[in-house]
Amino acid sequence: MTSVTQAAVEVRDLVKVYPHPGGGTLRALDGISFEVPTGEFFGFLGPNGAGKTTTLEIIEGTRKPTSGEVRVLGVDPRRDLDKVKRMIGVQLQAASYFSLLTITEILELFGSFYPKRRSPAELLDIVGLQDKAKAYVRQLSGGQQRRFSVAAALVNDPDVIFLDEPTTGLDPQMRHSLWELLRRLNTDEGKTIVLTTHYMEEAELLADRVAIIDHGVIRAIETPRDLIGRLDGFGHIEFATPGAVETSELSRLAGVSGAAARSDGEVGSLTPVTYRLEIAEPKTAVTSLLNWSEGRGVELRGLEVVPGTLEDVFLQLTGRELRE
Amino acid sequence: MTAIAGTLRLASASSKQLLRSSEVWATTIAFPGALLAILWLFSELRFEFGTQEVPLIDFWVTGLGVLGVALGNGHAFLANISTWKAGGVLKRISVTPISAGQLIVGEVIPRAVLGMATIIAFLAVGNGLGANIQMGVELVSVLPVMVMVTFTGLSVAFIIAGVTKTPQNANATDTAVSWPLYLVTGAMFPLAAFPTWLEQTAHYIPYTGLIATVRGVVLDSRPLTDFGPELVIGAAWITVLLVAATRTYGFVK
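Chains A and B, in that order, give the protein sequences. Number 266 in this note's numbering belongs to position 266 of the first sequence; there are no gaps in the numbering. Number 1110 in this note's numbering belongs to position 110 of the second sequence; there are no gaps in the numbering.
It is possible that some hints are incorrect.
[What the hints assert, rightly or not] Derived lysine to any residue pairs resembling SDA-like cross-links, with alpha carbons at most 20 Å apart: (1) A/Lys64 - B/Pro1097; (2) B/Lys1085 - A/Thr53; (3) B/Lys1016 - A/Tyr136.
[Unchecked claim] Using C-beta positions, here's what the derived DEER-type ranges look like: (4) A/Ser141 - B/Ile1029: 31 to 41 Å; (5) A/Asp80 - B/Trp1179: 42 to 52 Å; (6) A/Arg225 - B/Thr1166: 45 to 55 Å; (7) A/Pro21 - B/Thr1201: 31 to 41 Å; (8) A/Glu35 - B/Val1232: 47 to 57 Å; (9) A/Glu69 - B/Ile1029: 48 to 58 Å; (10) B/Ala1117 - A/Asp125: 34 to 44 Å; (11) A/Gly319 - B/Pro1180: 49 to 59 Å; (12) B/Trp1025 - A/Asp76: 26 to 36 Å; (13) A/Glu35 - B/Val1243: 35 to 45 Å; (14) A/His176 - B/Ala1236: 55 to 65 Å; (15) B/Ser1021 - A/Ser141: 16 to 26 Å.
Keep in mind the hints are simulated off the structure, nothing from the lab. The C-beta atom is built at its ideal place from N, Cα and C for all residues, glycine as well.
The following block holds chain B by itself, in its conformation from the complex:
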């Protein structure tokens, strides 16, 4: 009972800090806003691959919206938790009965809610700028997928904070990990345009299936059940990443 109460208090304290932080403006408004403004410049362009033709803004709002918000959220969070580690906040928590797992869950809950809300807002504004996104029941059905995307980003942040010694190293590692993801997860370019070996490999990258699911549901109105393998791969990655996060961001030396 105390363990749950402690975790919920951590989540509540984390929400309070989030709302007091200028970082929240950067990750939920400034960065997504700037991204949308750039995408709008390309709103008349279209992708052609094979026999398919897709408006660029549809493809990028859904792909970059999901991945960019998840990675931006994770990046801001990483700055926070790597500073905790370097500055001694983590060490102070380690001498309380709170476990690394509780700390992670307590921090991830408000961040996941924030990430989900940001993605929805991103899609809504993208729609207003010309994207053709289904904002009704389709959007509601992908809410759990958006949570999965955010969880993935935050778990990766915990792992990077755990394996690096300074906030500077954490930042550099995160940048190195993030950039290729924009290129190979299908967020910016259709997987069908990739060489076969890369296309097949890309399906097993954590975000790829989740982006394809969000895109398929909100652009093509396909049901979630069409994306079983993608969701299973996404869930498996979250499990692996969360376990790795609790081990690498652990307390006992």
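So that you can see chain A by itself, here it is in the shape it has in the complex:
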């Protein structure tokens, strides 16, 4: 991270209220405040509908806030939106490009909108798409399209880059490759990056600081290490059983603060049922689980005590999981 001189992004008491489709209103942002220093890699971690995209859209000037203040490099988007747009690069969660222009032509076109610009060849080189210069967007793979989106966000050599869930839907290899690219932009080129994600490992690996947002409220803003440090170094216990057991029974075990059953295969892919126990007191929890298993004759497969992650922090702060 470069030295802190000026805030790249300042948000104060930001509120956004939408009319609710079924009547009434929905408070998408409920008075959030945060500051991103120049050169920082800032992560917004939260589930779908938490308010991440709304926050970015207000900062980028494409959505009006109900109330609150926003500054991008000292400029208010509501007063001088053009100036803000010239200073920022944006990669949208769901955007597409002109289907009958090659990616080089699209970068040339987008570059022509700005007084300061980088050449398409240089941009394609940065994102590793030099050999696709004459391809149309539809001819690129999913990962290449995301890389191209990042290239398009860099056409004006922006000081601040906003990335809205840039790796959602990508396979692990493509995701890692894009992470490398983003890390280089931050460390080698000194770009301030604001990234939203619902992948905790993405926030943990890339971000200097992470804001945990849920239901339009920021629950915490700290470095990933400090956030995880809140858990005293322990996170949860995972295991599978041959048959289903009552989670209420597990959650009553000493040292356990909560229990959940999972069958989505994401926790070790053990079948038929995988359990996750949130632990308040690790040693006590493991002992009581083993005693319970022996007493009930339930075989515990793949028992694992998993160190705390941002997902555990999220659960602790919001009472729900990121994937809910």
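Use these hints to put chain B onto chain A, whose structure you have.
Same frame as chain A, but now just chain B:
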């Protein structure tokens, strides 16, 4: 300077896409060609209303030529821009310094040129099929009117794309708006044959005066100055429609 350059680059990129699109064949050759072939079948028929008698092919080539090409062009364009809106192209442009107005102008310039060229070709081929159209100085003098007709169609397309949520809704709305225009703007039937109240109302419909102007100049060799009120109404509509287009197809939510 950058704003103008950006708009011109958009116009240039739009032209490039237009030339690569199969849609251009449909709107400039297939649809007008099919229309002309149908009109040719009626080339011996004549309209009689009051004491006047007009060859049907003259009336329809000028009326349907102007309106059909404008609406066909607008319809194809609408499919494009409503897909941009639904697919996220518009959203991506909205985070650049390009304004909705610049995007509209950048897209309308090549389309207007294409529309104008199509109308001229339509009139020329119509002439070859038996219509009695003045293809000399009269045609040149109505070129700005053809641009106005095309601008009107494209502005309406932007408005429909702006107020509808999906390309399907946009298509349905456009069809609902377009069909009555063939009947009430004087494109197919003489206004003099309408009931008085409809005739008077029809004069204030965006295309009516422009069609009457093109027809009066290229069929009857009348000067453009004879059509002051028609052109003023047409220009007023273009102003209103362009302003409405930039508001409805705007970027900030």
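Hints, verified against the model:
1. Our distance criterion of 20 Å between C-alpha atoms is met by lysine 64 of chain A and proline 1097 of chain B, whose separation comes to about 17 Å.
2. The straight-line distance between the Cα atoms of lysine 1085 of chain B and threonine 53 of chain A is roughly 18 Å, inside the 20 Å bound, and the hint therefore holds.
3. The suggested pairing of lysine 1016 of chain B with tyrosine 136 of chain A holds, with an alpha-carbon distance near 14 Å, which does not exceed 20 Å.
4. For serine 141 of chain A and isoleucine 1029 of chain B, the Cβ-Cβ distance of about 36 Å falls inside the hinted range of 31 to 41 Å, so the restraint holds.
5. With their beta carbons about 46 Å apart, aspartate 80 of chain A and tryptophan 1179 of chain B fall inside the hinted range of 42 to 52 Å.
6. Between arginine 225 of chain A and threonine 1166 of chain B the C-beta distance comes to about 46 Å, which sits within the given range of 45 to 55 Å.
7. Between proline 21 of chain A and threonine 1201 of chain B the C-beta distance comes to about 39 Å, which sits within the given range of 31 to 41 Å.
8. Range check, glutamate 35 of chain A to valine 1232 of chain B: Cβ separation about 56 Å, and the 47 to 57 Å hint holds.
9. With their beta carbons about 56 Å apart, glutamate 69 of chain A and isoleucine 1029 of chain B fall inside the hinted range of 48 to 58 Å.
10. For the hinted restraint 34 to 44 Å between alanine 1117 of chain B and aspartate 125 of chain A, the CB-CB distance of approximately 40 Å keeps it satisfied.
11. Hint check: glycine 319 of chain A to proline 1180 of chain B, Cβ distance near 58 Å, so the stated range 49 to 59 Å holds.
12. At about 48 Å, the CB distance of tryptophan 1025 of chain B to aspartate 76 of chain A disagrees with the hint of 26 to 36 Å.
13. One distance hint, 35 to 45 Å for the beta-carbon pair glutamate 35 of chain A and valine 1243 of chain B, holds here, with the actual separation near 40 Å.
14. The hinted range of 55 to 65 Å is satisfied by histidine 176 of chain A and alanine 1236 of chain B, whose Cβ atoms lie roughly 59 Å apart.
15. Roughly 25 Å separates the CB atoms of serine 1021 of chain B and serine 141 of chain A, a value that falls within the hinted 16 to 26 Å.
Checked against the numbered hints above, the structure violates only hint 12.
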